[in-house]
Every structure is written in C-alpha cells, then in structure tokens.
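Engineer: Quick mapping for you: the protein sequence lines, in order, are chains A and B.
Reminder that position 116 of the first sequence reads as 116 in my numbering, one-by-one numbering, no gaps.
Reminder that position 31 of the second sequence reads as 31 in my numbering, one-by-one numbering, no gaps.
These aren't lab readings, by the way, just hints derived from the structure by calculation.
One thing to keep in mind: the hints can contain errors.
Part of the chain A face toward chain B, derived, beta carbon under 7 Å [said to hold, decoys possible]:
| hint | residue |
| --- | --- |
| 1 | 7 |
| 2 | 51 |
| 3 | 52 |
| 4 | 55 |
| 5 | 56 |
| 6 | 59 |
We treat Cβ as the ideally placed atom computed from N, Cα and C, and that holds for glycine.
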Amino acid sequence: MSAQLWALAVVSAVVLAAAGLESLRAWRARRLAVRASGAARGEPYILYFTGDSCTVCRTHQEPALARLDGIRVDKVDAVADRELADRFHVYTLPTTVVMASDGQALHVNYGYAPAPKLARQIAEARISTVSATATA
Amino acid sequence: MSTPSSVVDHSALKVNQTGIIATVLVAFIAGAFFRPAYWLIPLLAIVLLVGTFAPSLALFKQLYFQVLKPRGIVKPRPVQDRPEPHNFAQGLGGVFLAVASIFLIPLPVVGLALALLVAVLAFVNLAFGYCLGCQIFFQLERRGLVKATRSSETSGTF
Chain A
1 MSAQLWALAV VSAVVLAAAG LESLRAWRAR RLAVRASGAA RGEPYILYFT GDSCTVCRTH
61 QEPALARLDG IRVDKVDAVA DRELADRFHV YTLPTTVVMA SDGQALHVNY GYAPAPKLAR
121 QIAEARISTV SATATA
Chain B
1 MSTPSSVVDH SALKVNQTGI IATVLVAFIA GAFFRPAYWL IPLLAIVLLV GTFAPSLALF
61 KQLYFQVLKP RGIVKPRPVQ DRPEPHNFAQ GLGGVFLAVA SIFLIPLPVV GLALALLVAV
121 LAFVNLAFGY CLGCQIFFQL ERRGLVKATR SSETSGTF
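With the rest of the complex left out, here is chain A (with noise of 0.2 Å):
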C-alpha cells in the first residue's frame, strides 16, 4: 500500500510542477508576445492560430469565434506560416490574439478561449482604440 501512497504523491507533485512551469511559459509567452505587430486594419481583429492536428480548434475554438458576430477572425495555420508564428509565441494550439485597430496585440490566449472571454477583450481593443483616438 506504500508504494501506491508513494507513487501518488510522486504523480501530484508531477502535476503540480507542469501546471506551475506551464503558467510560467504561458505568462512569459504572453509578455513576450504582447509586444509584437501585426496589419492595421481600422477595427479590432482576432489572429486565429490552428493547425490540421488540433482537435480542439475545430470541436471548441472554432464553434466560439463563430458565435461573435461581426468580428474579422483572420485564420493562420501555424505550422506552414512558421514566421507569424513565432512572432507570437505560439506553443501551444489553438492560440488567439486580440489585435488592436492599430495591428498591436493587445491579448494573447494560449489554448482554447471561450467566447465571452474574446468578446470581453474585443471590448477592451475597442476602448483602447477610442481613448488613443480622443488623446491624439
């Protein structure tokens, strides 16, 4: 019976320790990532990174961006264009960024993100937008 007491504080340690390091990599992955580009396009718009082995995008992610209404998703398949990949970060699928009608990426979501949470950070790009609208 020890060995099992053992073999079960082993495991959640293990458990604890990847979910602590993946909230470090998503956290640094997010800092990094904020600060990169992408088009203007004059409205906030979703970067939609996905790939053909991802499940979760098509049984989950995809069915959220549908439901926001009016919103540009610009969809990227992160394993052939490697480049915008990279320049956000991403390490993991599906991955979303909210741009800025400036093409500033202002979120970033490492794994699947639900609908009210984009529909809150589109939001937030639009109120950024005006504010930096009203102070020029």
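Fit chain B to the known structure of chain A by using the hints.
Structural biologist: Here is chain B on its own, set in the frame of chain A:
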C-alpha cells in the same frame, strides 16, 4: 489551411481513454492487495502499442465499434479530424506504460507513478479535451520531425 477530409469518431477515442483510466486504476488499487494485478499494466501497454500500429487490433476501439456502438450504448460522434495525432498520443501512452512495466518489479513506486500519470493524462483528455500527445505531435510537426500524411490521403478513419 484545409479542413481535414477524414472523419474521426470521437466516441471511440473517449471509450479508449475510459478503458485506459479504468485498467490503470484497477491495477493500481487491486495491486495493493493482490500483486498479480500489476500485470494489467504491461498488458495495457501491449494493447495500446498494437492498436497504434494496427488500429483494427485496438481493443477498446473495437469494443466500441463491435459492441457499444451497434447496441446504441454509446452514440457516435464523428468529427472532421486527423487520426495521426490521436494515434501518436496513444503510442506515447503505450511507451510510457511499457517503461512503467519495466520499473514495476525493481522500483514499484516509479512504475506505478508512470502508469498513474498516463491515466491522469487520459482523464484530462477525456474530461477537458486537452491532448498532451497531440500538442507534442504539433511541436514535432512544426520542427519538421514528423511528416504526417495530409488528411485527404489518409484512409485511417476509425
């Protein structure tokens, strides 16, 4: 980017993951009182590895296709998808279980921990749809280390 033209029945994947979790848990719990129960872990490793290279011999998937699906016990859930990342993830699970089997006799804690880790990852996939093996496949594909056949060329619909 093209949408995969092959269809993967995700219910088969879920049954496979459930089978992995159940087998490891039975070996883990029963092994505390009845040591021969540990033999389930190398057996599961063989089942997963054989199923990776010959999907028609994948035990849990065949249980789904031959028994659960025809009797309406589990409803099919076809999704346009590529089978390669899932096969890769299953193979990775099989390799981890094979390594766990080697450690079971001299270092049971390591063997059990590795087997339990496979069950935890299968549970994460089953419950949250996060497939670590598929993410590793994506990274290998990005680095050009895995050259998967395009979906239109694959016949591996399971």
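Engineer: Please go over all the hints and tell whether each is borne out by the structure.
Structural biologist: Hints versus structure:
no.: 1; hint: 7; verdict: holds (4 Å)
no.: 2; hint: 51; verdict: holds (6 Å)
no.: 3; hint: 52; verdict: holds (5 Å)
no.: 4; hint: 55; verdict: holds (5 Å)
no.: 5; hint: 56; verdict: holds (5 Å)
no.: 6; hint: 59; verdict: holds (6 Å)
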